[in-house]
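Top to bottom, those sequences are chains A and B. Quick note, the first sequence lines up with residues 19 to 106 if you use the working numbering. Quick note, the second sequence lines up with residues 14 to 278 if you use the working numbering.
Hints in this document: simulated from the structure, not taken from any laboratory. Please note: incorrect hints may appear among the correct ones.
The calculated label-pair distances, taken between Cβ atoms and stated as ranges, are [to be verified]:
id	chain 1	residue 1	chain 2	residue 2	range
1	A	Gly-77	B	Glu-139	43 to 49 Å
2	A	Lys-30	B	Leu-57	36 to 42 Å
3	B	Gly-80	A	Leu-59	52 to 58 Å
Subject to a maximum C-alpha distance of 30 Å in a straight line, what follows is the list of computed DSSO-like cross-link-like pairs (lysine-lysine) [as the list claims (entries may be wrong)]:
id	chain 1	residue 1	chain 2	residue 2
4	B	Lys-178	B	Lys-17
5	B	Lys-25	A	Lys-37
6	A	Lys-30	B	Lys-25
7	B	Lys-178	B	Lys-25
For glycine and all other residues, C-beta sits at the position ideal for the given N, C-alpha and C.
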Amino acid sequence: MSSFFDRITGRKRSAKSAKERLQLVLVHDRTDMTQLEMEALRDDILAVISRHIDVDPDGVRIDLERDGREQRLVADIPLRSMARRRSG
Amino acid sequence: MSAKIVTITSGKGGVGKTTAVANIAVALASLGARVCCIDGDIGLRNLDVVMGLENRIVYDIVDVIEGRCRLRQAMIRDKRLPELYLIPAAQTRDKSAVSPSDMVRLGDELRNEVDWVLIDSPAGIERGFRNSIAAADQVLVITNPEVSAVRDADRVIGLLEAEEKGSPSLILNRLNPSMVRNHDMLSAEDVLDLLAIRLIGVVPEDENVIVGTNRGTPIALEPKSIAGQAFRNIARRMCGEDVPFLELDNKGSLWARIQRMTGRK
Ligand SMILES: Nc1ncnc2c1ncn2[C@@H]1O[C@H](COP(=O)(O)OP(=O)(O)OP(=O)(O)O)[C@@H](O)[C@H]1O
Ligand SMILES: [Mg+2]
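The whole structure should be built from the sequences, with the hints applied where relevant.
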């Protein structure tokens, strides 16, 4: 039970934690992929793309997402601008 | 008319499968339908006590399958309603005494006898679960608004999709509206958003469910009970009626919120 104390100390309501944790767990259950395997996939994808084009590793987002009962792999990979590339 | 075979399953144990089968069966029979329930939990017979029919058992499902009695002899009639029957589970056998094809054969035989066959599945995703869904035309997945129950429900839904059983419908059982109001329990919308299947009923936590089970009187027989009403509504939705969801909460009806949610998609 979240008490008044929890609220003023900023602890998250438990229903919200439950939902967020389930969102993650279900995606991994449905795709049969662990967090570690997902990281390995992310590294592989980046390595392949970086062989062809300069990417900005800090802005990369490669994630599994739920869409109803379907899962999709969503990648958002920002490229380093030519200007920055030339200047090193 | 040929019966519709409906299985209630959950993955996780103890979420209310047996309670739901007993109550939906009673509710369908109260609407005038001919209903036969099958206890698919072989070795852990329970539907008989929940329905209050434990003293009347002579034959069980394995007796029918192995030909020791005729189908009609194993169908115990519930005298409270005109056409409600139970085929009990075998208590001294294990799940290997029944195969999925036995269940399909039994289901086909029952199709000419009644309008609805409701099968109470055991927990888990092994043999007993496979047997229970083998003959099903429709599957209802039941869960509680709790992390482990929702996770297991999702796993079962995935297995049913892989078996091409069609998309199952969801019963959310033991919802506690005041905990939801305090944001300490997943709401019906949360669970629907996570599982993404059709909702067929929300049953509140209600201590009368336990009182009814103590007596062997499913609470769908009690006109005033709120959980009983929720089960009666599920029965009517199964018959194709468009029944609004119960107002379990005072911040706008659940139905209105669900309509908003599904309208958004
Ligand atoms: N809506 C409810 N409100 C209160 N108690 C409930 C409700 N639904 C079920 N229960 C109680 O929860 C317990 C488990 O229910 P039940 O036996 O139907 O679950 P089950 O899924 O069939 O379990 P198993 O997996 O062991 O077969 C019972 O004590 C029952 O009375
Ligand atoms: Mg049970």
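Okay, the hints, checked on the actual structure:
1. A:Gly-77 <-> B:Glu-139: 43 to 49 Å: Holds, since Gly-77 of chain A and Glu-139 of chain B (Cβ atoms, about 46 Å apart) stay within the stated range.
2. A:Lys-30 <-> B:Leu-57: 36 to 42 Å: 39 Å, holds
3. B:Gly-80 <-> A:Leu-59: 52 to 58 Å: 54 Å, holds
4. B:Lys-178 <-> B:Lys-17: Holds. Lys-178 of chain B to Lys-17 of chain B sits at ~14 Å (cutoff 30 Å).
5. B:Lys-25 <-> A:Lys-37: 18 Å, holds
6. A:Lys-30 <-> B:Lys-25: Distance of about 27 Å is within 30 Å: holds.
7. B:Lys-178 <-> B:Lys-25: 19 Å, holds
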